[in-house]
Amino acid sequence: MKNMGITYLGDVMFEEYKNGKLESSEETNKDIENKVLDKSLHNNIFLFKNIFKNDETMIVREFENKRLKAAKCCIIYIDGMVDTKIVNENIIQPVLGHDLSEDIESDNLLEELKNKVIVSDNVTEETEINKIVTSVIYGDTLFLLEGYDKVLVISSKGWKIRSISEPEASKVVRGPREGFTESIMVNLSLVRRKIKNPNLKFRFKEIGEMTNTKTCICYIEGLALESILNELIDRLDKIDIDGIIDSGYIQELIRDAPYTPFETVGASERPDVVAAKLLEGRIALFVDGSPFVLTVPFLVVENFQANEDYYNNYIFATLNRLIRGLTSVTSVTIPGLFLSFVNYHQEMLPTPLLLSISAATQGVPFPTALSLILMLLIFDTLREAGTRMPEHVGQAVNIIGTIVLGEAAVEANLVSAPVLIVTALTGITTLINMNFIGATIIWRNALLLAASFLGIYGFIMMLIILYMNLMSVRSFGVPYMMNVTRARDHDGQDAWIRMPWWTMTLRPKIIAAKNLVRQSSRKSKEK
Amino acid sequence: MKKIKIILLIFIILINSIFTVGCWSYREVDDLTIVSGVAIDKGTKNQYQMTVEIVHINGGTDKKMTSKTISTEGKTMFDAARNMIALAGKKLYWGHTKLIILSKDVASEGVAKAIEWYNRDYETRDEVHLIISERPTAKEIFNEPGIADEIKSFALDKMIINQSNLSKAPITNVLKFDIESKIKGISPIIPAVNLKQIDGKVTPEVMGTAIIKNDKLVGFLNSEETKDLLFIRNEVNDGLLIEEMHEKDISTLASLQIFKNKTKVTPVVEGKDITINLNMDTTVAIDEINGTTNFSDDEGRMKLEQSAENALKERIEALIKRTQSEYDADIFGFGSKLWEDKPQVWNSCGDNWEQIFKGLKVNVKAKVHIKNSAILSKPIKEGE
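First to last, the protein sequences are chains A and B. Residue numbers are given in the working numbering: position 50 of the first sequence equals residue 50, and the series is strictly consecutive. Residue numbers are given in the working numbering: position 300 of the second sequence equals residue 300, and the series is strictly consecutive.
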């Protein structure tokens, strides 16, 4: 390369990186804490201009009062983050228009301006440069005055947010149609509106070295267990990451049993779901910028509990929930069972079924195990393609899927019809339980693989491993399978079935151990 | 790092162990030669001749199942079965075999001897039906075109199972035969199969009973006798009793459908004499009246019941007598009942039960209840 007289930029950078020259080649705002405000307005403006160097969204507006020449002032804000109406009408206009020489009595002009002139609901005096920078980034406006080494931070947040709409991923026929947005304050208000109680607590916390993402722990005091709350705070404190873009980052960073494909931290897009979980003693974690609110502890039953179950007739809800539970079992087991019956234990099939499977399999070139694995892979490919595709391309995916999966494979005798039916059955039952589709697919393939090598023996072996995995997982100290395997007293009321509301007088145990009784008027009857 | 190494090591061991075990019983369905039925005959040089009916499947768009037969000979049954691989190309799959047909010759030589391999081998099932061909050979049952099903064994299997609605042949599978052979004081019975000409087509028909005594075929019972035999054995679930009633000089035929039957065998021992009390309690319904007699009133019903009881009793007594004199094989299981109820008596006389059975006194009591007359009460008469 060098012989040809060409050097690539990347090469130079790589050389520099190898020699350790690339580090700290430019000055960054690392020593921001050490900087202090000056009494001179000019110096202060220069200070902020320096901090926001190369950031052309920062607006500096200098002006002074028409009467009081001493009142030389300046506002600093970030374009796009503020509501310009607030800046114009509530800050600039009063300061410009007021006859300050008449009104102002005290020597402390800044205090007077804050108290008498500036029209804003939230104004604070601030001297710490770190906090000032954070708030100006977050959409507040700085008010600087000649002769003062402190600034007024005026709340003027006003960026565009998505309006509240029904979440695409979890729609309901019956139930509230609002969903969380990307704005944490809107999200908090959505939950607050559902639980009008001073015991509903919100505790903020910033996570992410670079992004300074606002998070909020929300719980009901007197219901949520302190031990779980402390554990959550402890785990959040331990997070040391540069940025949080979505709550998924935190979900994975604070989860128990990190190697299991099952989720041990819940996520929901719906305020009604989160409110209901708070009422069961769970703790919610809001993350700014993500419409998905996390809830802990998260148990396996919550995968099957749809919010609509609680709004519909309880018999119908029970039926739906049983379908969900049953299909979750079948979606994991069907391919493995089919394979072990057809390839190892033909005795277990009824004779007519064996004959028709045998007839359908005549002349198919691939072994059943391989074709089953391939077909499931193709199905998952189509599913993945379908979720990411733009809507108008999605139709093409549909057509290809129908042709590939449906007609052609069987017509060309590449795949036998029973394999296709099993694939379709597995596919549809997997899609019913979107909550833990990841775990379903992973365990289904594990069972299939075990069954393809060892028949029903391997299948059951893998099933035992799956069961052991489920039984050993804890979510914030609460057994993951709680209430699934036990139906005594009130435990099974809300697991495989949904009992009528008048019988569900107790909250889930352990999680709401502090205050179990949900319907105290019926307490005497139940106990 | 150490942890990762350990996990990797476990993975390597697991994967290797999975791959090295191999697919020891992995078999594709389309590689199986499904045996639907087996026929056992005497071959040359005192060998067994085994004929299997296999299901030949034409795959593809035009799916069709046809029956094929393969015959081989071997010194033993297993020998014959293994010799079949040379002809069929693939190993035979016995998991879905429905029946074994034994020829008369083979059965006369020893039934248990012939099916010993079938009992012992793990690939075969012991729920397969046993039948004995009344024809000279067993394999000819498979060779006739038949009318019911393309695969003869499946057709025969259905015939045997549906015999419970007819009670004209017993149902015996290998397991039941084994048990009855082992138990003292009972001789096993096996249904018989014959060929019948219907409209120019020859089709197999399962009817009648083969009597096995000391593992050897000694004779056959016809279909009516079989029904009486099943009455005694308490194996009747369904079937018909046809009664002929005479009123003045008009005869009326009535079909009684059996709904329930309970037969109780009680051995009574007095000194050295053993008597068997046979009590039958049968519930029937009138399902057909070929005549004008009215049975719906109490008197008519009683008459019909009476007549049915007498006829049943007569037939059963005749059957017992015939069995005692001709075969002296205790196919009714009186001996085993005695063994169950009075083991001490059995211990003293069980060794010469054959002799005792020959002269055994049996008191037959038949009780027939008519519970209804289906959906008609009186026969439909002309001119009324």
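For the record, the hints were derived by calculation from the structure and aren't laboratory data. Any given hint could be a false lead.
Pairs of lysine-lysine residues, derived as BS3-like cross-links and limited to a Cα-Cα distance of at most 25 Å, are as follows [claimed, not checked]:
no. : chain 1 : residue 1 : chain 2 : residue 2
1   : B       : Lys262    : B       : Lys196
2   : B       : Lys3      : A       : Lys238
3   : A       : Lys116    : A       : Lys150
4   : B       : Lys104    : A       : Lys238
5   : B       : Lys104    : B       : Lys3
6   : B       : Lys196    : B       : Lys42
Which chain A residues face chain B? A few, computed with CB under 10 Å, are given here [unchecked claim]:
no. : residue
7   : His345
8   : Pro352
9   : Gly455
Ideal Cβ positions, reconstructed from N, Cα and C, are used throughout, including at glycine.
Do the hints match the structure? See the list:
At roughly 33 Å between alpha-carbon atoms, B/Lys262 and B/Lys196 are farther apart than 25 Å, so this suggested pair is violated. Between B/Lys3 and A/Lys238 the CA atoms are separated by roughly 22 Å; this keeps the pair inside 25 Å, and the hint holds. Taking the CA atoms of A/Lys116 and A/Lys150, the gap is near 18 Å; set against the 25 Å cutoff, the hint holds. Distance check on the hinted pair: B/Lys104 and A/Lys238 sit about 86 Å apart at the alpha-carbon level, beyond 25 Å; violated.
For the suggested pair B/Lys104 and B/Lys3, the alpha carbons sit about 72 Å apart, so the restraint of at most 25 Å is broken. Straight-line distance between C-alpha atoms of B/Lys196 and B/Lys42 comes to about 23 Å, which keeps the hinted pair within the 25 Å bound. Below 10 Å, beta-carbon pairs count as interface contacts, and A/His345 has one with chain B at about 9 Å; its hint therefore holds. The interface hint given for A/Pro352 is met, as the beta carbon of that residue sits about 9 Å from the closest beta carbon of chain B, less than 10 Å.
Restraint check, A/Gly455 versus chain B: the minimum CB separation of about 7 Å is within 10 Å; hint holds.
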